[in-house]
Amino acid sequence: MIRRFLLALMTVFALGGAAQAQYVMDIGNLINALRLADFSGDLDNLDQAQTVYVTRLTQIAGVRNGNRVLDQTLAMREGQLRHLRAIIRQNKAAMKALAIHNEVLEDVVFLTTTNDGTAMLYVDNR
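Residues in the sequence shown are numbered consecutively from 30, following our numbering.
Derived by calculation from the structure, the hints in this document are not laboratory data. From a predicted model like this one, the values you see are computed outputs, not experimental measurements. Glycine included, C-beta positions come from ideal geometry on N, C-alpha and C. There's no promise every hint is true.
What follows is a list of derived Cβ distance ranges for each label pair [said to hold, decoys possible]:
{"#": "1", "residue 1": "Ala104", "residue 2": "Gln79", "range": "32 to 40 Å"}
{"#": "2", "residue 1": "Lys121", "residue 2": "Gly57", "range": "26 to 34 Å"}
{"#": "3", "residue 1": "Arg155", "residue 2": "Gln77", "range": "16 to 24 Å"}
{"#": "4", "residue 1": "Asn94", "residue 2": "Ile129", "range": "27 to 35 Å"}
{"#": "5", "residue 1": "Gly146", "residue 2": "Met105", "range": "16 to 24 Å"}
{"#": "6", "residue 1": "Asn144", "residue 2": "Asn94", "range": "19 to 27 Å"}
{"#": "7", "residue 1": "Gly146", "residue 2": "Ala104", "range": "26 to 34 Å"}
{"#": "8", "residue 1": "Lys121", "residue 2": "Asp100", "range": "27 to 35 Å"}
{"#": "9", "residue 1": "Arg114", "residue 2": "Gln77", "range": "16 to 24 Å"}
{"#": "10", "residue 1": "Asn61", "residue 2": "Thr143", "range": "16 to 24 Å"}
{"#": "11", "residue 1": "Arg93", "residue 2": "Lys121", "range": "31 to 39 Å"}
Model the full structure from these sequences, guided by the hints.
As structure tokens, this is what we get:
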């Protein structure tokens, strides 16, 4: 009985901590999102973002296995990525986050946002 209570308590704490930060995609989900990406909603939310996180592609799951497909997808979406970067360039919080993490705007390949004022920039540092 005590074990079940402790397990339930640990689950509650684990879920509570996960809600405070954005979900980071694995390489398969990132590739799919890039293929279908419509950044308009995220770009609107970026204006209200108070906190901007930076995630490097080398830190996400499966990147070693997906390099070739990721490169092909990025090449196909270069026009949309130029537009994405032009909008990000105008956002002070996003540019500050990139500077703090010693990353450059030209390496940003994806953006996610939430309605609670957070954003996540995915940076290709491979």
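Original post:
Which numbered conditions among the earlier hints are violated in the structure presented, ordered from lowest to highest?
Top reply: When the structure is compared with the hints, numbers 3, 5, 6 turn out to be violated.
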